[in-house]
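Protein chains in written order, with the working numbering: chain A, 1 to 239; chain B, 1001 to 1409.
Keep in mind that a hint or two might mislead.
The calculated BS3-like cross-link candidates involving lysine-lysine, where the alpha carbons are at most 27 Å apart (straight line), are [what the hints assert, rightly or not]:
1) Lys118/A with Lys1116/B
2) Lys1316/B with Lys1399/B
3) Lys1253/B with Lys1285/B
4) Lys1096/B with Lys1233/B
5) Lys1399/B with Lys86/A
6) Lys1016/B with Lys1396/B
7) Lys1285/B with Lys1069/B
8) Lys1116/B with Lys1096/B
9) Lys120/A with Lys178/A
10) Lys141/A with Lys86/A
11) Lys120/A with Lys193/A
12) Lys1179/B with Lys86/A
13) Lys1182/B with Lys141/A
14) Lys1256/B with Lys118/A
15) Lys86/A with Lys1085/B
16) Lys118/A with Lys178/A
17) Lys1233/B with Lys1069/B
18) Lys86/A with Lys118/A
19) Lys1182/B with Lys1116/B
20) Lys1085/B with Lys1244/B
21) Lys141/A with Lys1097/B
22) Lys120/A with Lys1069/B
23) Lys1285/B with Lys1312/B
24) Lys120/A with Lys141/A
25) Lys1244/B with Lys1069/B
26) Lys1096/B with Lys1312/B
27) Lys1097/B with Lys1316/B
28) Lys1016/B with Lys141/A
29) Lys1096/B with Lys1069/B
30) Lys1244/B with Lys141/A
What the hints contain is simulated information worked out from the structure, not anything from laboratory work.
What follows is each chain in one-letter form.
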Amino acid sequence: MSSLIELKDIVKLYIMGAEQLYALNGVSLGIDRNEYVAIMGPSGSGKSTLMNIIGCLDTPTSGEYLLNGRNVSEMEDDELADIRNKEIGFVFQTFNLLPRINALYNVELPLIYSGIPKSKRIEMAEQALVSVGLADRMLHKPNELSGGQRQRVAIARALVNNPSIILADEPTGNLDTKTGDEIMMLLSDLHEKGNTIILVTHEEDIANHADRIIKIRDGVIDEDCASVKSVKSSTGTSE
Amino acid sequence: MSRFSEIIESISFAYKSIVANKLRSLLATLGIVIGISAVTLMQTAIEGINRAFESSISSIGADLLYVQKFEWFGNEDWSVYRNRKDIDFRQFNFLKKNLQSAVGMSASIGSPQTLKYRDLMLQNVLVYGTDAEYQFVTGSNMESGRFFTTREATGGYPVCVIGMDIKEAFFPNSDPLEKNIKIANQTYRIIGVLEKQGSMLGLFSLDNQVLIPIERYIQYISGWNTSLSITVKAANVDKLEETKDEIISIMRKVRKVPYGERNDFGVNQQELFKSTYDQLTSLIKIIGTLITLMALIVGSIGIANIMFVSVKERTKEIGVRKALGAKRSSILMQFLIESSVVCLLGGFIGLLISFPVSLIIDALVLPTVMPIWVIVLALFISLLFGVLAGFFPALKASKLDPVDSLRYE
Ligand SMILES: Nc1ncnc2c1ncn2[C@@H]1O[C@H](COP(=O)(O)OP(=O)(O)O)[C@@H](O)[C@H]1O
Ligand SMILES: [Mg+2]
């Protein structure tokens, strides 16, 4: 019954001088393959910290994290880098594209770190950009693209290595509502194509694009339930 | 194999960030530029001196001793030399009669004089009076004609043997033999032309000379120099010291140097010249290496500084790369490559500066070429200092925490 993600009693403690801050205080949860999960909570509740741990950017102070059955919490830096490269695709609020290189090259980056040869790399990057609807913008630099287009490039970059999980931290936070909706549609598409998506947001509307909502407050899980959308659709079918 | 893509990517990214910060990169490379210019020019100069020296040394002859009034490289006070007696024919003949270990001996005396041929004139030509043995002793070869005979030399005949510079100046398109030229307003018949000998350290030509019979010189030309120079050819190079000792004891006897006093003459040899030359080149090497090292150290501190700034500015980029799967070693390599590329660029600019300068030295000072190995060395040094200068900034970059660097604005 092994889930894709298995978190057991995860604690993240920050110590600043005399002050101790539990950003996460005993979080346990499981996420299966092809789930679409939203992590919700007010600002400062620990959402990003949780996402960074799931994304192997950060390691917990205590607790156990199994990803695909492998114990990530005991891994070395280089092994974590490898996991991030092959298993995780990040989508950030501020896009985080490298400014001096074009869209195609940005999407190639994860493939460079997996050592894929140039011609194969370009083919895969082009395919990813086409799948997010940017076939005609591949050679543009980030500053020549709109916010929505930049986020699409970031999504293409997250997708390109066929990761197990796509992690999106407030992906619409820097976009207007309409563009934000388009990005959410794109994420829903990806979910339908079989990707596992974990979305971090503090907005109810955005969270409702997911099937499952995990609410956290002060570093602990408050509520873990099906979203309005999925409740509606399941009640809809039962009627 | 997998690292190969990363290296290529790092080089192309380094290129992009240099282009994006042109002025800064250029300033950063200044020290490297100076260092590389210094090291290549120094080596080029030494190469030039070496070449000049080798061609000069062969014209001096390794088996020769020069008995002269003064030492070539004396370092005593002038008062020690002031009252020395000239070397005259009596001493020369005494030496010739008593010296056993030498195979040949020639006396000569010379001074700069003015030469005329028709309406052409040459000033400051070295005119030597010498004997018939000169040719054998110095191993001079004739381009054309012949050397003068003992009878011509001792009889003071008005004949002369000219160097190539004189032939080229007076007879560029004709045969100089049997022509008459004027030396210090006396007419001389040309009977031979010496082979081209080149120049001494590239500084003055050895072909700007005329040889006349020594008796003639003493009678008609009295330059400032009144002391004979005696050239002694030792049996071979190994016998040089033995011959030297013998010369010293004979000369002391004929010049009546009291027992316990120092020699009042010099027995000079190429060795002395060589050791002075070695001192000169090692001095150039020391100074050049110091300048180079200083410039390279200052330069690499500059580059390290710029790289630290670059790491700081690109903290976010480093975070993104780590999020996408860059390992510590990938980031380390990226910044090392970047600083190496910057330093190599400095090296190239340094070569672009020093190469034309070496051509100017070649044209104006002494004949030289920048050796290929110097260019290779220069680029290697740039690369080395690039890696050294980039190491700590790159290490810092590689150790950045991905979460912190992603949050960095
Ligand atoms: N590097 C850190 N050092 C100290 N405190 C931190 C650090 N990172 C996060 N925190 C704290 O942990 C808590 C959770 O932060 P975060 O996960 O970013 O919240 P969210 O994403 O839900 O807004 C906050 O109180 C934040 O100030
Ligand atoms: Mg956050």
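Hints and how they fare:
no.: 1; hint: Lys118/A with Lys1116/B; result: violated, 78 Å
no.: 2; hint: Lys1316/B with Lys1399/B; result: holds, 13 Å
no.: 3; hint: Lys1253/B with Lys1285/B; result: violated, 44 Å
no.: 4; hint: Lys1096/B with Lys1233/B; result: holds, 12 Å
no.: 5; hint: Lys1399/B with Lys86/A; result: holds, 21 Å
no.: 6; hint: Lys1016/B with Lys1396/B; result: holds, 21 Å
no.: 7; hint: Lys1285/B with Lys1069/B; result: violated, 33 Å
no.: 8; hint: Lys1116/B with Lys1096/B; result: violated, 36 Å
no.: 9; hint: Lys120/A with Lys178/A; result: violated, 35 Å
no.: 10; hint: Lys141/A with Lys86/A; result: holds, 25 Å
no.: 11; hint: Lys120/A with Lys193/A; result: holds, 22 Å
no.: 12; hint: Lys1179/B with Lys86/A; result: violated, 94 Å
no.: 13; hint: Lys1182/B with Lys141/A; result: violated, 83 Å
no.: 14; hint: Lys1256/B with Lys118/A; result: violated, 90 Å
no.: 15; hint: Lys86/A with Lys1085/B; result: violated, 95 Å
no.: 16; hint: Lys118/A with Lys178/A; result: violated, 36 Å
no.: 17; hint: Lys1233/B with Lys1069/B; result: holds, 18 Å
no.: 18; hint: Lys86/A with Lys118/A; result: holds, 18 Å
no.: 19; hint: Lys1182/B with Lys1116/B; result: holds, 5 Å
no.: 20; hint: Lys1085/B with Lys1244/B; result: holds, 20 Å
no.: 21; hint: Lys141/A with Lys1097/B; result: violated, 95 Å
no.: 22; hint: Lys120/A with Lys1069/B; result: violated, 84 Å
no.: 23; hint: Lys1285/B with Lys1312/B; result: violated, 40 Å
no.: 24; hint: Lys120/A with Lys141/A; result: holds, 21 Å
no.: 25; hint: Lys1244/B with Lys1069/B; result: holds, 15 Å
no.: 26; hint: Lys1096/B with Lys1312/B; result: violated, 83 Å
no.: 27; hint: Lys1097/B with Lys1316/B; result: violated, 93 Å
no.: 28; hint: Lys1016/B with Lys141/A; result: holds, 13 Å
no.: 29; hint: Lys1096/B with Lys1069/B; result: holds, 17 Å
no.: 30; hint: Lys1244/B with Lys141/A; result: violated, 82 Å
Of the hints listed earlier, those the structure fails to meet are numbers 1, 3, 7, 8, 9, 12, 13, 14, 15, 16, 21, 22, 23, 26, 27 and 30, in rising order.
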